[in-house]
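Keeping the supplied structure of chain A fixed, place chains B, C and D upon it in accordance with the hints.
Listed below, chain by chain, are the residues.
Number of protein chains: 4
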Amino acid sequence: MKIIIEKDFEAMSETTKNILLGHMSQDKRVNLSITAGNTPVGVYKRMVEIVKDSPDYANVHYYNFDEIPVPDQAEGITISDLRKLYFTPANISEENIHPLTVENYAEQDKRLALDGGLDAMMIGLGADGHFCGNMPTTTSFENLTYKVKVTGDEPWFVPGEMIKGMEFVTMGPVSVLKVKHLILIVNGAKKAEMVKTVLQGPVTEEFPASVLQLHPNLTVILDEEAASRLDK
Amino acid sequence: MKIIIEKDFEAMSETTKNILLGHMSQDKRVNLSITAGNTPVGVYKRMVEIVKDSPDYANVHYYNFDEIPVPDQAEGITISDLRKLYFTPANISEENIHPLTVENYAEQDKRLALDGGLDAMMIGLGADGHFCGNMPTTTSFENLTYKVKVTGDEPWFVPGEMIKGMEFVTMGPVSVLKVKHLILIVNGAKKAEMVKTVLQGPVTEEFPASVLQLHPNLTVILDEEAASRLDK
Amino acid sequence: MKIIIEKDFEAMSETTKNILLGHMSQDKRVNLSITAGNTPVGVYKRMVEIVKDSPDYANVHYYNFDEIPVPDQAEGITISDLRKLYFTPANISEENIHPLTVENYAEQDKRLALDGGLDAMMIGLGADGHFCGNMPTTTSFENLTYKVKVTGDEPWFVPGEMIKGMEFVTMGPVSVLKVKHLILIVNGAKKAEMVKTVLQGPVTEEFPASVLQLHPNLTVILDEEAASRLDK
Amino acid sequence: MKIIIEKDFEAMSETTKNILLGHMSQDKRVNLSITAGNTPVGVYKRMVEIVKDSPDYANVHYYNFDEIPVPDQAEGITISDLRKLYFTPANISEENIHPLTVENYAEQDKRLALDGGLDAMMIGLGADGHFCGNMPTTTSFENLTYKVKVTGDEPWFVPGEMIKGMEFVTMGPVSVLKVKHLILIVNGAKKAEMVKTVLQGPVTEEFPASVLQLHPNLTVILDEEAASRLDK
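Residue numbers (this note's numbering), protein chains in the order written: chain A, 31 to 262; chain B, 31 to 262; chain C, 31 to 262; chain D, 31 to 262.
The following block holds chain A by itself, in its conformation from the complex:
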């Protein structure tokens, strides 16, 4: 594991953008999987400026790593967020976007294998220790891409925000450990304790992201606040 600590959110975003561009700028097909949410907002802002309408990145393909379907909508929460943050403003061609869905998730690992595997994946860390859709109580380390049905008894269930019986899909630990370069970005003091727990504590399904310690090529990029509890 390589940990890079940057001064603040902007510096974290800048370094992360650089690492992604390093992958994207090679003369071969590059398969990326990138996260939705708030943490990567600064990364995408920078990437859009560079990638928008450029012919230089037509070799880059994008794969979703999780998805939460929305009733009566054609596309789920993750892909919709990624479209808003990056795919639409960067004008990424539809044929380079490979959504994950409740319908196709069982083929995700085979499809990725056929397409040559993921060169890089950028993920965030949940305050409860989750990564992708690998949540406490619903994650088994031996999972490939899988589907979860929410019972309402999960510790992370928020009545009102979530619906009992809803389903979501996610690449599991086995799938994520196959990514050639895994990039974990975390910012903010609120997550500092969980950063320490998952990176320097035991590998346990209680905190799913602790399994990332086993990844053979993991780069963690933190702002100073998120890194503040780490043992030197």
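It is worth saying that the hints were derived from the structure and are not from the lab.
You may find that some hints are simply not true.
Any copy, or any two copies together, can satisfy a pair, since identical chains are not distinguished.
List time: in silico SDA-like cross-link candidates among lysine to any residue, alpha-carbon distance up to 25 Å [what the hints assert, rightly or not]:
id, residue 1, residue 2
1, K58, K140
2, K177, V81
3, K262, D57
4, K177, A157
5, K75, A157
6, K262, N89
7, K177, K262
8, K58, G195
9, K210, V78
10, K32, E255
11, K32, H53
12, K262, A136
13, K177, S84
14, K262, N121
15, K210, R141
16, K262, D102
17, K75, A88
18, K140, I80
Here is chains B, C and D on its own, set in the frame of chain A:
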């Protein structure tokens, strides 16, 4: 995970030898880590015939993955066994042999990183679910290369064969998951149940080899007996 | 360049088979390109025994590197020969076979890039220094996959055997240098002088295979006769 | 080949810095070879800001690709320039710097193979079509790292600036084609015609950099002026 089932011990040995030679025959430095014990005896018999006195494999370097020191002997049990089975009959140059010892183990992961990492590792499976020196009750998944002091209370402690207070060293789960191609060989009906447990059961420190399910490029080579309990 | 010299044709075939199986036995999609002709006959004989009806090699995809169409036949000379020698007896699934044709050659490099590139290619050497369809007088080192129209004035034109105006397609030097592991096999005293010319002489379009000296990971497997003129 | 065209020198430098940082930010030893001269000045200015006194890049090792010794000086022109531009202001540890010299050049290819090979090399283009020390009239495509003795009759010999009988060393075409990711940077209208010649013309020793068309993973970064003569 890719599982190859061969008819018997000889066929398992032949296929394993082929895979190792595939790595060794490239035009670059190749770093291997190979196992002592009974399972690889047929592999080494075949490799010695090919490698002995050949100039074609001077690019291959060998690293031990575990070691049990022997009082009053210059070298430990693992390296002594490897010398007998392979290094001496194949006439491998000393400068291509990199032993692991109680003295140098703390540098093993850094040394491997500096040398470009392990291209392939061939390991066996213990009847109790151990791999390398990662034994039940003494393995934590977050371990890099580490040292274990035997208390005598371990479930695998055999009075008379083992000594209380003895120490051994082993590459841990994190170190082994960094190997670019991991090759697990198992033969015989006695290990059939454990093969199923570690390859198709939960990932748990109770059966340390279950963590190998998380390896991004694992090839398992079994004879039909060892494979007999696997779910199709 | 790594040169492996084996006693005879059978030993050359055995080693080559081992190297190919080393690639094929990994837990990922493996893209191979393999040669037709007489030199690989011993390789395919061995591979058929191992691969035939085995579920273990469904991850392997095969791509042709050259083709000569035959009037009034659905398929060309190369693919027909490969079917006879290997694809049919080994019972390779059609969906794992990717022919090159006069119709699709212009897409070959893009298709290979999309499919993750070739992991290994096994080629032979022509007595005139050609490799694949890269012939003296019609090869430019800057060629990707290209089409050649035979004029009848080529030094290698054999009236009666060849037809003026016929066309063939081949992956060019740029395409072949992109293969991750290139394997060149040559046997027999007749080619000994050309082996020396292309491996130890200047890189020149006069002997197209001399460009293979520039490949970053080339393994050459020779029998003793083919190696007999090489400088030590 | 992947060609990225940036607006100007600053944008070219920014993109090149990003690509290098992408390599440097992985959790493994990274071997780089980087160029002296004027073209990379903007790259180093940016890299110094990021790398200076950072613990995050201790995994990066630097290797010279050519050298011109200076009489009565301990170090040659290239390494002295690199120290001034980057190694000294970025405070790179001496043990991470691996100079090439007239004394050690014959071991350069073997040393690089032992150290795991070069992950990336950043080079420039000479107005006469040279790259590294591969000059017109003194370059053979089959060269590994080699030494050149200047006769004074070379087309690029400048009386007064150069000395007859002086020697220099350089990695040759075979050595450079082994680099995993090759990055060529060129700026300015003066080199526009030569950019077209070497990237879109025939591969010929007359313009040594034309051989770079054969590299399996070449990224070219140009400013608009340097790209102005390229065929679309």
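Outcome of the hint check:
1. Taking the shortest Cα distances, K58 and K140 sit within 25 Å of each other both inside one copy (21 Å) and across copies (9 Å).
2. Within a single copy, K177 and V81 get their C-alpha atoms no closer than 33 Å, and across copies no closer than 35 Å, so neither meets the 25 Å cut-off.
3. Taking identical chains as interchangeable, the C-alpha atoms of K262 and D57 lie at most 25 Å apart only when they sit on different chains, with a minimum of 17 Å there against 38 Å within one chain.
4. Only within a single protomer do K177 and A157 lie at most 25 Å apart by alpha-carbon distance; the minimum there is 22 Å, versus 33 Å between protomers.
5. Taking identical chains as interchangeable, the C-alpha atoms of K75 and A157 lie at most 25 Å apart only when both belong to the same chain, with a minimum of 24 Å there against 38 Å between chains.
6. In the homo-oligomer, the alpha carbons of K262 and N89 lie at most 25 Å apart only across protomers (18 Å), although the nearest pairing inside one protomer, at 39 Å, exceeds that limit.
7. Only between protomers do K177 and K262 lie at most 25 Å apart by alpha-carbon distance; the minimum there is 22 Å, versus 38 Å within a single protomer.
8. In this assembly of identical chains, K58 and G195 lie within 25 Å of each other by CA distance neither inside one copy nor across copies; the values are 42 Å within and 35 Å between.
9. Proximity of K210 and V78 under a CA criterion of 25 Å is satisfied intra-copy only: 24 Å inside one chain copy versus 28 Å between copies.
10. When the C-alpha separation of K32 and E255 is checked against a cutoff of 25 Å, the pair qualifies only within one copy, where the shortest distance is 17 Å, while the shortest distance between copies is 39 Å.
11. Proximity of K32 and H53 under a CA criterion of 25 Å is satisfied in both settings, with 17 Å inside one chain copy and 13 Å between copies.
12. In this homomeric assembly, K262 and A136 come within 25 Å of each other (Cα to Cα) only across copies, at 18 Å, whereas the closest approach inside a single copy is 41 Å.
13. With identical chains, the CA atoms of K177 and S84 are never at most 25 Å apart, being 36 Å at best within one copy and 31 Å at best between copies.
14. For the homomeric pair K262 and N121, the shortest alpha-carbon distance between copies (22 Å) is at most 25 Å, but the shortest distance inside one copy (42 Å) is not.
15. Taking the closest pair of Cα atoms, K210 and R141 come within 25 Å of each other both inside a single copy (16 Å) and across two copies (21 Å).
16. In the homo-oligomer, the alpha carbons of K262 and D102 never lie at most 25 Å apart, since the shortest distance is 49 Å inside one protomer and 39 Å across protomers.
17. For the identical chains of this complex, K75 and A88 are intra-copy neighbours only, at 19 Å inside a copy versus 29 Å across copies, given an alpha-carbon limit of 25 Å.
18. For a Cα distance limit of 25 Å, the shortest separation of K140 from I80 across copies, 24 Å, qualifies, whereas the shortest one inside one copy, 32 Å, does not.
Hints 2, 8, 13, 16, counting from the list given before, are not met by this structure.
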